[in-house]
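J.: Each protein sequence line maps, in turn, to chains A and B.
Offset between the first sequence (1-based) and my numbering: plus 2.
Offset between the second sequence (1-based) and my numbering: plus 47.
These aren't lab readings, by the way, just hints derived from the structure by calculation.
For each residue, glycine too, the CB sits at the ideal point set by N, CA and C.
Check the hints yourself; a few may be wrong.
Subject to a maximum C-alpha distance of 30 angstroms in a straight line, what follows is the list of computed BS3-like cross-link-like pairs (lysine-lysine) [claimed, not checked]:
#: 1; chain 1: B; residue 1: K161; chain 2: A; residue 2: K226
#: 2; chain 1: A; residue 1: K351; chain 2: B; residue 2: K164
#: 3; chain 1: A; residue 1: K253; chain 2: B; residue 2: K143
#: 4; chain 1: A; residue 1: K257; chain 2: B; residue 2: K164
#: 5; chain 1: A; residue 1: K226; chain 2: A; residue 2: K95
#: 6; chain 1: A; residue 1: K399; chain 2: A; residue 2: K266
#: 7; chain 1: A; residue 1: K162; chain 2: B; residue 2: K171
#: 8; chain 1: B; residue 1: K164; chain 2: A; residue 2: K168
#: 9; chain 1: A; residue 1: K266; chain 2: B; residue 2: K164
#: 10; chain 1: A; residue 1: K257; chain 2: B; residue 2: K143
#: 11; chain 1: A; residue 1: K11; chain 2: A; residue 2: K97
#: 12; chain 1: B; residue 1: K161; chain 2: A; residue 2: K253
#: 13; chain 1: B; residue 1: K88; chain 2: A; residue 2: K398
#: 14; chain 1: B; residue 1: K81; chain 2: A; residue 2: K341
#: 15; chain 1: B; residue 1: K161; chain 2: A; residue 2: K266
#: 16; chain 1: A; residue 1: K266; chain 2: B; residue 2: K143
#: 17; chain 1: B; residue 1: K164; chain 2: A; residue 2: K330
#: 18; chain 1: B; residue 1: K164; chain 2: A; residue 2: K253
#: 19; chain 1: B; residue 1: K171; chain 2: A; residue 2: K226
#: 20; chain 1: B; residue 1: K143; chain 2: A; residue 2: K351
The following label-pair restraints were derived from C-beta to C-beta distances [to be verified]:
#: 21; chain 1: A; residue 1: Y88; chain 2: B; residue 2: D154; range: 39 to 49 angstroms
#: 22; chain 1: A; residue 1: H223; chain 2: B; residue 2: D236; range: 40 to 50 angstroms
#: 23; chain 1: B; residue 1: Q157; chain 2: A; residue 2: Y336; range: 22 to 32 angstroms
#: 24; chain 1: B; residue 1: R50; chain 2: A; residue 2: K14; range: 31 to 41 angstroms
#: 25; chain 1: B; residue 1: H90; chain 2: A; residue 2: Y336; range: 14 to 24 angstroms
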Amino acid sequence: MKMSVLWNKRFKDFWTEVSPYLRFVFNGGLIAFIVISFSIGSIYYRRFIENPPVDFPIHLLSACVLFWFIAYNPVRTYLREADLIYLVPAEYKMKSYFNKAILVSFILQCLALIMIWVVLFPLYLVTSNTNGLMFFVFLIALFLIKWIFMIGSWQEIQFKAVSHRKVYSYFRWVISFILVYILFSYHLPKGMLFIALVLLTYIVSFRLIPKFHINWDRLIHVEKQHKARIYAFLSWFVDVPQLPKRVNNRKTLSKSAELFSIQKRNTFVFLYYLTWIRTDLFGIVVRMTLVGMILIFFLTNDWMKYLFYIIVIYLSGIQLSSLRQYHKNMFWLYIYPLKNELRVDGILKNSFRIHLVIIFMITIPLQLTISNLTYGFILLVVSILLSYMYHQSLSKKIFSKK
Amino acid sequence: MKRPVLHGLSINVNPGEMVGLIGLNGAGKSTTIKHILGLLKQHKGEIYINGNTLESSPMHYRSSYAYVPESPLMYYELTVEEHLKLTAMAYDIDKKEYANRVDYLVDEFQMRDKLTKFSAHLSKGMRQKMMIMSAFLVQPSLYIIDEPFLGLDPLGIRSLLDLMVKMKEAGASILMSSHILSTIEQYCDKLVVLHEGHVIASGNLSNIQQASGVDNATLEDAFYALVKDGI
Numbered sequence: 003m004k005m006s007v008l009w010n011k012r013f014k015d016f017w018t019e020v021s022p023y024l025r026f027v028f029n030g031g032l033i034a035f036i037v038i039s040f041s042i043g044s045i046y047y048r049r050f051i052e053n054p055p056v057d058f059p060i061h062l063l064s065a066c067v068l069f070w071f072i073a074y075n076p077v078r079t080y081l082r083e084a085d086l087i088y089l090v091p092a093e094y095k096m097k098s099y100f101n102k103a104i105l106v107s108f109i110l111q112c113l114a115l116i117m118i119w120v121v122l123f124p125l126y127l128v129t130s131n132t133n134g135l136m137f138f139v140f141l142i143a144l145f146l147i148k149w150i151f152m153i154g155s156w157q158e159i160q161f162k163a164v165s166h167r168k169v170y171s172y173f174r175w176v177i178s179f180i181l182v183y184i185l186f187s188y189h190l191p192k193g194m195l196f197i198a199l200v201l202l203t204y205i206v207s208f209r210l211i212p213k214f215h216i217n218w219d220r221l222i223h224v225e226k227q228h229k230a231r232i233y234a235f236l237s238w239f240v241d242v243p244q245l246p247k248r249v250n251n252r253k254t255l256s257k258s259a260e261l262f263s264i265q266k267r268n269t270f271v272f273l274y275y276l277t278w279i280r281t282d283l284f285g286i287v288v289r290m291t292l293v294g295m296i297l298i299f300f301l302t303n304d305w306m307k308y309l310f311y312i313i314v315i316y317l318s319g320i321q322l323s324s325l326r327q328y329h330k331n332m333f334w335l336y337i338y339p340l341k342n343e344l345r346v347d348g349i350l351k352n353s354f355r356i357h358l359v360i361i362f363m364i365t366i367p368l369q370l371t372i373s374n375l376t377y378g379f380i381l382l383v384v385s386i387l388l389s390y391m392y393h394q395s396l397s398k399k400i401f402s403k404k
Numbered sequence: 048m049k050r051p052v053l054h055g056l057s058i059n060v061n062p063g064e065m066v067g068l069i070g071l072n073g074a075g076k077s078t079t080i081k082h083i084l085g086l087l088k089q090h091k092g093e094i095y096i097n098g099n100t101l102e103s104s105p106m107h108y109r110s111s112y113a114y115v116p117e118s119p120l121m122y123y124e125l126t127v128e129e130h131l132k133l134t135a136m137a138y139d140i141d142k143k144e145y146a147n148r149v150d151y152l153v154d155e156f157q158m159r160d161k162l163t164k165f166s167a168h169l170s171k172g173m174r175q176k177m178m179i180m181s182a183f184l185v186q187p188s189l190y191i192i193d194e195p196f197l198g199l200d201p202l203g204i205r206s207l208l209d210l211m212v213k214m215k216e217a218g219a220s221i222l223m224s225s226h227i228l229s230t231i232e233q234y235c236d237k238l239v240v241l242h243e244g245h246v247i248a249s250g251n252l253s254n255i256q257q258a259s260g261v262d263n264a265t266l267e268d269a270f271y272a273l274v275k276d277g278i
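Chain A on its own, in the form it takes in the complex (with noise of 0.2 angstroms):
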């Protein structure tokens, strides 16, 4: 089989494993919400190219908004751990597989960098006397240097020392930034001869670092980091079992836990305390909530206060009953001699008990700061009864499930 095959039905199947997660993406209001944000900023966009203030730094614009593009060239290989055993004995077969990866990943990408430019090249065009033709000059030059940096990701990921790796990753942020900058801002011939010059010393210092032919652990660990944003982004949408769990220690808070003495009734309590501390959903709710304060804090009308407090108190709320998703299929759950009851009880109190401090929380800067304290109050004695009445709902539909 010729190996570029093999890539084609890689690239397929994971497609097909991600597209019925797409279908929820695209159901769930963030079309709407992309469709209405792009009008509303393309009007103001129009506004600001009719009228763009004197002296705007448009090359500097550009170099900040393209370099990212520039900059990083993830290659999708598809490969899994099993390639370990099956492909690498192949890997001196594996040129047409590869570079079908890098092809693929490359053009992908520049599609994007295209977006970027035909939005941002209008705003150019007013502020820099040039005339259309150069849309294309700067998008091949753009391509140019961006095969140049994709390459030299590539040959990052084989080398075999990680200070090189590192090294190399970081100058090919700083260079980009670099390149774009001048390729913008000089005089065209000369600043293209000159960034053709520092593009060619790239390319060379790369025969002096020792690489692995193919550096398999790294790759696949690359391309598993790579799947598992993916899937991190979908998990904003809808339930993604095949997510890899990460877990952080956060040490401090855990030694909360200590306090937990050992009883039957404290088991599912423990469990999902320290599940809620240690996995992403702790970021998520703590971010969103000191989100919450803050433009609360700052907000001047009090009505778009209780808005946002509101929508804070939904949001955390919704997001901690996700809770209930983590340990649903533990074998152990099936062993204990626990009843399923203890568990729906250690999930809620866990999620009502947080509800509540993210609601004290955010009480603190609508008290501090609106006019009419009543209302705060007001708002603060419903605000628990709700989460009560949704908590107890919850464990009744928990239970209905089973």
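Using the hints provided, position chain B relative to the given structure of chain A.
T.: Quick look at chain B alone, frame taken from chain A:
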């Protein structure tokens, strides 16, 4: 209803007895164990632990055994110590008793410096030790141990065997499944040979030798003689 895998099985594990469950891959050892754990429901017959069935009093039934799985099953969010504490909670072990038992087990299995490590960061052998420690922490009437030796270092194997003997002498029942026949022969009081879902021989070593028709055979030779017809 699925076609039954096991046929007319009868296994007795008495207090103070270690029973070895042996058989080829696919003979039905894991299925047998799943039935005893209460994860599968048998079509016919009853399973009793301490006189209780899973249906009659599920909590008594479940609290009277502990299980060491063939491959470790762990909570990725918990450290080794927290696994032990969780087990202690689930089985309602007294706080002081818990401290004593953990103290003994971590020394026996040389896991003291691993207590605060996350289970995901442990080697296969250490995960296995964590499973063994969790099971022996409970000190139940019946231990169900499924191929425990894979990945364990020689010291760990020795500690496990010593511990099993100690528990057995204290009156516990042990049902162990393994392919390491020499160890089974050396440690088990009774053997059950499973083949294609049937018990084709059971009893002590001489019973097995008789059934195989080979006198003075090691368990390995007797076992080979018993199952080779089926191959």
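J.: Against each hint, give a clear statement of whether it holds in the structure.
T.: Going through the hints against the structure:
1. Distance check on the hinted pair: K161 of chain B and K226 of chain A sit about 27 angstroms apart at the alpha-carbon level, within 30 angstroms; holds.
2. A hinted pair counts as satisfied when its Cα atoms are at most 30 angstroms apart, and K351 of chain A with K164 of chain B qualifies at roughly 27 angstroms.
3. For the hint pairing K253 of chain A with K143 of chain B, the CA-to-CA distance comes to about 25 angstroms; that is within 30 angstroms, so the pair holds.
4. For the suggested pair K257 of chain A and K164 of chain B, the alpha carbons sit about 14 angstroms apart, so the restraint of at most 30 angstroms is met.
5. Simply put, K226 of chain A and K95 of chain A have alpha-carbon atoms about 23 angstroms apart, close enough for the 30 angstroms limit, and the pair holds.
6. Using a Cα cut-off of 30 angstroms, the hinted pair K399 of chain A and K266 of chain A holds, with the two alpha carbons roughly 24 angstroms apart.
7. As the CA atoms of K162 of chain A and K171 of chain B are separated by approximately 27 angstroms, the hinted pair is consistent with the 30 angstroms bound.
8. Of the pairs offered as hints, the one joining K164 of chain B and K168 of chain A holds, with about 28 angstroms between alpha carbons and a cut-off of 30 angstroms not exceeded.
9. Taking the CA atoms of K266 of chain A and K164 of chain B, the gap is about 24 angstroms. The hint holds against a cut of 30 angstroms.
10. Taken as a hint, the K257 of chain A and K143 of chain B pair is honoured in the structure, with Cα atoms around 20 angstroms apart against an allowance of 30 angstroms.
11. As the CA atoms of K11 of chain A and K97 of chain A are separated by approximately 16 angstroms, the hinted pair is consistent with the 30 angstroms bound.
12. Between the alpha carbons of K161 of chain B and K253 of chain A the distance comes to roughly 15 angstroms, so the proposed pair stays at or under 30 angstroms and holds.
13. Note on K88 of chain B and K398 of chain A: the hinted pairing holds, with a Cα-Cα distance of about 28 angstroms set against a maximum of 30 angstroms.
14. The hinted pair formed by K81 of chain B and K341 of chain A meets the criterion: a straight-line CA distance of about 19 angstroms does not exceed 30 angstroms.
15. Using a Cα cut-off of 30 angstroms, the hinted pair K161 of chain B and K266 of chain A holds, with the two alpha carbons roughly 25 angstroms apart.
16. Only pairs whose Cα atoms come within 30 angstroms are accepted, and K266 of chain A paired with K143 of chain B is accepted, the gap being roughly 15 angstroms.
17. Under the criterion of a C-alpha separation no larger than 30 angstroms, the hint pairing K164 of chain B with K330 of chain A is consistent with the structure, at around 23 angstroms.
18. Our distance criterion of 30 angstroms between C-alpha atoms is met by K164 of chain B and K253 of chain A, whose separation comes to about 11 angstroms.
19. With a C-alpha separation of about 21 angstroms, the suggested pair K171 of chain B and K226 of chain A falls inside the 30 angstroms cut-off, and the hint holds.
20. Simply put, K143 of chain B and K351 of chain A have alpha-carbon atoms about 27 angstroms apart, close enough for the 30 angstroms limit, and the pair holds.
21. One distance hint, 39 to 49 angstroms for the beta-carbon pair Y88 of chain A and D154 of chain B, holds here, with the actual separation near 43 angstroms.
22. At about 49 angstroms, the beta-carbon gap between H223 of chain A and D236 of chain B stays in the expected band of 40 to 50 angstroms.
23. Between Q157 of chain B and Y336 of chain A the beta carbons are some 31 angstroms apart, a value that agrees with the proposed interval 22 to 32 angstroms.
24. Distance hint check for R50 of chain B and K14 of chain A: the Cβ-Cβ separation is about 36 angstroms, which falls inside the suggested range of 31 to 41 angstroms.
25. Between H90 of chain B and Y336 of chain A the CB atoms are about 20 angstroms apart, so this pair conforms to the stated range of 14 to 24 angstroms.
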